[in-house]
Amino acid sequence: MITWMRRNLFRSVTDSLLTVVSATILGIVLVQVFQFVFINGRWEIIQVNLKILLVGRFPDELMYLVGFSILAICFSIASLAGGLERAPNSIQNLPAKLWGLFQRFGLIAATAALLIVLAADFDAVAFGGYVLMSIVAGTLFGRLRRTTALKKLPGWIWVLLNASLPMVLIFITIGQAALEEWGGFLINFYLAVVSITLSFPLGVLLALSRRSSLPLLRWLSTTYIELIRGAPLFVLLLLAGVALEFFIPSSIAPDAIFRAITVFTLFTAAYLAEVIRGGLQSIPKGQAEAGKALGLSTVKITFLITLPQALRNVIPAQIGQFISLFKDTTLAGVALSVFELLNVGSAITKQDDYLGQGLIYETLAFVALLFWVGSYVMSRESQRIEKKLGVGLR
Amino acid sequence: MSNEVFKDASKMSGDRESDDAIIVIDSVYKRFKDFEALKNIHMQVGRKEVVVVIGPSGSGKSTLIRCINRLEVHDEGHIFVDGTALTTDIRNIQEIRRETGMVFQNFNLFPHLTVLTNVAMGPRRVRGLSKSAAEELAMELLTRVKIPEQADKFPAQLSGGQQQRVALARALAMTPKVMLFDEPTSALDPEMINEVLDAMKELAQEGMTMIVVTHEMGFAREVADRVIFMDNGEIVEVGTPTEIFDNPKEERTKKFLSQIL
Chain Z
65 MITWMRRNLF RSVTDSLLTV VSATILGIVL VQVFQFVFIN GRWEIIQVNL
115 KILLVGRFPD ELMYLVGFSI LAICFSIASL AGGLERAPNS IQNLPAKLWG
165 LFQRFGLIAA TAALLIVLAA DFDAVAFGGY VLMSIVAGTL FGRLRRTTAL
215 KKLPGWIWVL LNASLPMVLI FITIGQAALE EWGGFLINFY LAVVSITLSF
265 PLGVLLALSR RSSLPLLRWL STTYIELIRG APLFVLLLLA GVALEFFIPS
315 SIAPDAIFRA ITVFTLFTAA YLAEVIRGGL QSIPKGQAEA GKALGLSTVK
365 ITFLITLPQA LRNVIPAQIG QFISLFKDTT LAGVALSVFE LLNVGSAITK
415 QDDYLGQGLI YETLAFVALL FWVGSYVMSR ESQRIEKKLG VGLR
Chain A
115 MSNEVFKDAS KMSGDRESDD AIIVIDSVYK RFKDFEALKN IHMQVGRKEV
165 VVVIGPSGSG KSTLIRCINR LEVHDEGHIF VDGTALTTDI RNIQEIRRET
215 GMVFQNFNLF PHLTVLTNVA MGPRRVRGLS KSAAEELAME LLTRVKIPEQ
265 ADKFPAQLSG GQQQRVALAR ALAMTPKVML FDEPTSALDP EMINEVLDAM
315 KELAQEGMTM IVVTHEMGFA REVADRVIFM DNGEIVEVGT PTEIFDNPKE
365 ERTKKFLSQI L
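Top line first, the protein sequences correspond to chains Z and A. Quick note on numbering: the first sequence equals residues 65 to 458 in the working numbering. Quick note on numbering: the second sequence equals residues 115 to 375 in the working numbering.
Please note that the accuracy of each hint is not assured.
To be verified - Below, a sample of chain A positions facing chain Z; criterion: calculated Cβ distance under 10 Å:
#1 G172
#2 D203
#3 T214
#4 L243
Said to hold, decoys possible - Listed next, the in silico DSS-like pairs over lysine-lysine satisfying Cα-Cα at most 25 Å (straight line):
#5 K391/Z / K414/Z
#6 K356/Z / K162/A
#7 K267/A / K215/Z
#8 K356/Z / K267/A
#9 K349/Z / K147/A
#10 K451/Z / K115/Z
#11 K267/A / K452/Z
#12 K364/Z / K291/A
#13 K216/Z / K245/A
#14 K162/A / K291/A
#15 K349/Z / K364/Z
#16 K451/Z / K267/A
#17 K291/A / K260/A
#18 K356/Z / K291/A
#19 K115/Z / K364/Z
#20 K364/Z / K267/A
#21 K147/A / K356/Z
#22 K364/Z / K245/A
#23 K245/A / K356/Z
As the list claims (entries may be wrong) - Quick list of the computed label-pair ranges, beta carbon to beta carbon:
#24 E125/Z / D266/A: 47 to 55 Å
#25 S300/A / R70/Z: 46 to 54 Å
#26 S443/Z / Q271/A: 41 to 49 Å
The hints are simulated quantities; they were obtained by calculation from the structure and are not laboratory data. All residues carry an ideal CB built from backbone N, CA and C; glycine is no exception.
I would like the entire structure built from these sequences, with the hints used as guidance.
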């Protein structure tokens, strides 16, 4: 321990100086955070407003729909993950397995526990249990894909099947409640899940068209990508709020949630397309040539050989786009007057009980925590998928 | 019209009957911008014949065999594979590619698929066999190139020699009538060259029609029916291995052989 410190922290005068200075700064920050979280922070504003922060004024009698959609999302993600081929060298002992599980689910479990404690509600505990059950069920269902006749299903049908269950439930939920009743983190979560799911296939199509040999397709796709990438997301959201009324009578115009979904999907797809195109360009020419030499058609070469390799090469960049999208959902609050988490957060500080007490720190910290947990989980899982798919490559 | 050309081309090469020829190349030119990669190439390959193409790098050997399965598009002249003319018609191209297998210098295996799936790709996705039938066939071919135990590994886990044998099995899975080899041992470590050459020799003995671009003169001498020497985009000299290696007529052939032997 002492040797380690001497070697890594106090090797020379400059090293020692740097160590002392950074340790001091780190110490001050930690003390401040500790004081804020455990002593000075007035967290009752979060506790009292927990429901409104999470789901807005969503009608209680429709909450079961939200519950089912969330369970479906957990089930589908677990099932897709469970269906991935297991790396042949992944035989581990029990402690290593538990440590792996802790790394993957520790943060989510801690956050869930925090929310349950804040809610102090038996229903919340029960729901936590259901989520756990749906994850286990999803994983087991996913494994069937590796062991039973489900193996024969083409990959894209399997993915579509898994993606459509939560999508259908989410759209039913969106259709059931009136816009005014929507709110909180639920909006950010739904916007992100739906837009990620829809922007991915669109991004792939755009990337392929941009490399297509048909000039019209190439031209259309290039124009689209460059136009969207040339506009700030916030402006696009504002446009969706205002400009649509010029073309469609407001009585039949889709409500703000659908507009937000549309903008986020179109926006993310353009960036994703460029990321995927980069991936396609990284595949050596010999791959397509080997496919041609076998007599495969261009379409089969793309979908069996080049695209799968390209997508896996750019997993980190793709997840990066999705993380941006997740956090950018807060922009919908201001641009489209959607009552999403950040909006709710600043609104509750203006309640009679808390007005003028400077509780914005507590609410912003809570908002930031939820986004950080979501982003970090996505980032971790992307590394895991990358490792899992990269068998034999590295 | 195509028939006439076919007959014309057959007259040009001396010893082989036109009925025997599976590949006919007639007055073919290929240019890359200003560079003439192939100049007025005439050549025929008979059924079950093994033709080895040698020559200095940049002489057009690879371009020549890549024109046969249209990985390169020739600019002038005609190429026939088993009576089918290579034109811009995609159906003809696909048909010819189904009947010609190719092994590349850099293997070009699909790194995201297992060895077995690599070999089963052609039968399953081009010939339309069921997954199990394709994999059964793939396993047979892997046994033939002596690496059945590697079936579930990924290409990157194999040695270069093993990878090239997988590539050979993958091409053979299409039951091609002609095999094209584009410097199949040039990217291999010396100790692995022989395992690939042995597999190729076996294939030649079984009566496969082969065109091999290679620098392995020992292989050419032992296996080839005919050796073609190319230089500067032209066919300089054609003959049996003995004629070419022991008694070359052209000055350029002599010079090349003296440099490498």
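Hints and how they fare:
1. Hint on G172/A is violated. Least Cβ distance to chain Z is approximately 19 Å, over the 10 Å limit.
2. Using the Cβ-Cβ criterion of 10 Å, the hint placing D203/A at the interface with chain Z is not satisfied: the shortest such distance is roughly 14 Å.
3. The beta carbon of T214/A is positioned within 10 Å of a beta carbon in chain Z (closest approach about 8 Å), and the interface hint is therefore held.
4. At its closest, the beta carbon of L243/A sits 13 Å from a beta carbon of chain Z; the interface hint therefore is violated under the 10 Å criterion.
5. The hinted pair formed by K391/Z and K414/Z meets the criterion: a straight-line CA distance of about 24 Å does not exceed 25 Å.
6. A C-alpha spacing of about 24 Å is found between K356/Z and K162/A, which places the hinted pair at or below 25 Å, so the restraint holds.
7. Distance restraint check for K267/A and K215/Z: the Cα-Cα separation of roughly 19 Å lies within the 25 Å cut-off, and the hinted pair is therefore satisfied.
8. A hinted pair counts as satisfied when its Cα atoms are at most 25 Å apart, and K356/Z with K267/A qualifies at roughly 24 Å.
9. In summary, the hint linking K349/Z to K147/A is supported, as the alpha carbons are separated by about 20 Å, within the 25 Å threshold.
10. A distance of roughly 38 Å separates the Cα atoms of K451/Z and K115/Z; the hinted pair therefore is violated under the 25 Å criterion.
11. Between the alpha carbons of K267/A and K452/Z the distance comes to roughly 14 Å, so the proposed pair stays at or under 25 Å and holds.
12. At most 25 Å may separate the alpha-carbon atoms for a hinted pair to count; K364/Z and K291/A meet this at roughly 23 Å.
13. Of the supplied pair hints, the one linking K216/Z and K245/A holds, its CA atoms being roughly 8 Å apart against a limit of 25 Å.
14. Among the hinted pairs, K162/A with K291/A is consistent with the structure: their alpha-carbon atoms are about 9 Å apart, no more than 25 Å.
15. At roughly 15 Å between alpha-carbon atoms, K349/Z and K364/Z fall within 25 Å of each other, so this suggested pair holds.
16. Proximity of K451/Z to K267/A is assessed by CA-CA distance (about 16 Å); at most 25 Å being required, the pair is judged to hold.
17. With a C-alpha separation of about 22 Å, the suggested pairing of K291/A with K260/A holds against the 25 Å cut-off.
18. Using a Cα cut-off of 25 Å, the hinted pair K356/Z and K291/A holds, with the two alpha carbons roughly 16 Å apart.
19. Restraint check: the Cα-Cα separation between K115/Z and K364/Z comes to about 50 Å, which exceeds 25 Å; the hinted pair is violated.
20. Distance hint between K364/Z and K267/A is fulfilled; the C-alpha atoms sit about 23 Å from each other, no more than 25 Å.
21. About 24 Å separates the Cα atoms of K147/A and K356/Z, which keeps this hinted pair within 25 Å; it holds.
22. With a C-alpha separation of about 16 Å, the suggested pair K364/Z and K245/A falls inside the 25 Å cut-off, and the hint holds.
23. At most 25 Å may separate the alpha-carbon atoms for a hinted pair to count; K245/A and K356/Z meet this at roughly 20 Å.
24. Checking the proposed 47 to 55 Å range against E125/Z and D266/A shows it holds: the Cβ atoms sit about 53 Å from each other.
25. A C-beta distance of roughly 53 Å is found between S300/A and R70/Z, which places it inside the suggested range of 46 to 54 Å.
26. In this structure the hint that S443/Z and Q271/A lie 41 to 49 Å apart at CB is violated, the actual value being about 28 Å.
Hint compliance for this structure: hints 1, 2, 4, 10, 19 and 26 are not met, and every other hint is.
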